[in-house]
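Those sequence lines, one after another, are chains A and B.
Read left to right, the first sequence gives residues 1 to 75 (this note's numbering).
Read left to right, the second sequence gives residues 1 to 243 (this note's numbering).
Please keep in mind that the hints were generated in silico from the structure rather than gathered at the bench.
Cβ atoms here follow ideal geometry from the backbone N, Cα and C, with glycine treated the same way.
Any given hint might turn out to be false.
As the list claims (entries may be wrong) - Label pairs and their calculated CB-CB ranges: (1) Asp58(A) - Asn105(B): 36 to 46 angstroms; (2) Asn47(B) - Ile60(A): 24 to 34 angstroms; (3) Lys214(B) - Asn31(A): 46 to 56 angstroms; (4) Arg168(B) - Gln19(A): 20 to 30 angstroms; (5) Thr78(B) - Arg5(A): 50 to 60 angstroms; (6) Asn31(A) - Leu36(B): 45 to 55 angstroms.
Unchecked claim - Taking lysine-lysine and the PhoX-like style, the derived pairs with C-alpha atoms no more than 25 angstroms apart in a straight line are: (7) Lys74(A) - Lys99(B); (8) Lys3(A) - Lys39(B); (9) Lys74(A) - Lys71(B); (10) Lys70(A) - Lys68(B); (11) Lys39(B) - Lys53(B); (12) Lys17(A) - Lys68(B).
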Amino acid sequence: MNKIREILNTVLENRGKPQINSISDSSDLRNDFGLDSLDLAELTVRIEAEYDVDIFQDGIVTTVGEILEKINNKK
Amino acid sequence: MMKNILVTGVSRGLGLEIVKAILADDENFVYGISRLKTKELDELLINNANRFKWLSYDLSNVNDVRNKIFKEFIGVTTPLHGFVNNAAIAYDDIVTNLKYEPLLNMYNVNVFTPMIISKYVIRQFLLHNTKGSIVHISSISVHTGYKGLAMYASSKGALEAFSKNTAREWGEKTIRSNVVVAGFMETEMSAMLSADQKDRIYKRTSLKTPTVTKSVAETITFLLSQKAESITGQNIHVDSGTI
Ligand SMILES: NC(=O)c1ccc[n+]([C@@H]2O[C@H](COP(=O)([O-])OP(=O)(O)OC[C@H]3O[C@@H](n4cnc5c(N)ncnc54)[C@H](OP(=O)(O)O)[C@@H]3O)[C@@H](O)[C@H]2O)c1
């Protein structure tokens with residue numbers, strides 16, 4: 001969870017968007033953090049580099065919980 | 001810092017010239033792809049052993065791009081700065097003889113695999129926050145018709161559209177995409193043309209001469225560099241002034 005927050009903050013920082021302090025399973029990537037499609041692409045790439053999982057490979061993810069689920073399924 | 005550039009079709013013709021032009025700047029490193037290792041390519045590899053790596057990959061294979069090219073050959077941890085989509089084949093025939101299999105194969109090599117490579121190239125740019133530059137090689141046949149080139153020209157037209165839209169989509173991330181539209185060059189690709197056909201082609205140019213591969217390669221190198229930082233979404237014609 002902390003690692004995901006770190007990655008999210010890197011993406012936000014790269015677009016000059018405000019940092020986030022806390023995240024939960026139900027946090028919505030677009031609505032709560034203001035990520036757009038380009039940010040989501042960068043998020044995908046950074047998560048893939050860390051966990052070797054392409055979170056958008058099959059279907060859309062909208063929440064932090066869904067990202068964690070994809071990462072855990074891989075393990 | 002070293003700039004890493006991926007170039008396809010490096011075994012002969014324009015591709016060899018592109019690699020030479022890029023390596024002329026000793027801050028550049030080339031990851032080159034083709035099926036065969038020709039004598040000229042081998043020499044270039046030996047003379048630039050610490051700045052030029054090569055992979056044999058058949059671009060008709062659309063499926064192994066991520067594993068073979070990005071994970072094993074370049075490596076995800078390597079920052080990438082540029083991609084030159086140069087490899088191509090020409091399916092040369094009149095439209096009434098068109099067959100699906102060779103058409104599909106040409107599209108795999110000229111369009112589909114390069115599009116998939118572009119996907120991973122952009123991902124690599126994003127991961128490393130590089131101001132990446134993509135250059136596709138198109139042909140003057142897209143803009144001036146030639147008998148027998150309808151299928152080939154259509155594949156290059158697809159790349160021009162893909163490039164323009166890539167530029168628009170990724171400009172915000174300082175990623176650029178441009179096309180160099182080459183005129184007829186004296187390479188293996190145009191070797192099947194008769195002297196008479198070539199003559200007629202050259203007569204349609206302002207300079208009345210074949211397009212020089214070195215001039216095309218230098219333009220590509222310029223577009224890859226920061227000197228071209230405000231140029232994106234463009235088609236740059238290097239075609240002896242075809243009219
Ligand atoms: N020649 C012209 O008059 C002309 C005019 C306008 C535009 N262009 C464009 O300029 C670019 C370079 O062409 P060229 O004249 O240098 O052609 P070329 O001499 O035929 O070289 C083509 C290159 O592409 C590679 N290639 C072809 N099929 C491949 C495959 N399945 N997998 C991997 N690599 C493959 C070849 O390597 P291997 O065979 O070793 O795989 C070779 O290195 C092309 O995009 C072409 O469309 C050429």
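So, going through the hints one by one against the coordinates:
Against the hinted window of 36 to 46 angstroms, the Cβ-Cβ separation of aspartate 58(A) and asparagine 105(B) comes to about 28 angstroms, which falls outside the hint. Range check, asparagine 47(B) to isoleucine 60(A): Cβ separation about 49 angstroms, and the 24 to 34 angstroms hint is violated. Between lysine 214(B) and asparagine 31(A) the beta carbons are some 54 angstroms apart, a value that agrees with the proposed interval 46 to 56 angstroms. At about 29 angstroms, the beta-carbon gap between arginine 168(B) and glutamine 19(A) stays in the expected band of 20 to 30 angstroms.
Checked against the given bound of 50 to 60 angstroms, the beta carbons of threonine 78(B) and arginine 5(A), roughly 27 angstroms apart, lie outside it. Between asparagine 31(A) and leucine 36(B) the beta carbon distance is about 52 angstroms. The supplied range of 45 to 55 angstroms therefore holds. A distance of roughly 43 angstroms separates the Cα atoms of lysine 74(A) and lysine 99(B); the hinted pair therefore is violated under the 25 angstroms criterion. At most 25 angstroms may separate the alpha-carbon atoms for a hinted pair to count; lysine 3(A) and lysine 39(B) exceed this at roughly 49 angstroms.
For the given pair, lysine 74(A) sits about 18 angstroms from lysine 71(B) by alpha-carbon distance, which is consistent with the 25 angstroms threshold. For the given pair, lysine 70(A) sits about 24 angstroms from lysine 68(B) by alpha-carbon distance, which is consistent with the 25 angstroms threshold. Between lysine 39(B) and lysine 53(B) the alpha-carbon distance is near 15 angstroms, which keeps this suggested pair within the 25 angstroms criterion. With a CA separation close to 35 angstroms, the supplied pair lysine 17(A) and lysine 68(B) exceeds the 25 angstroms bound.
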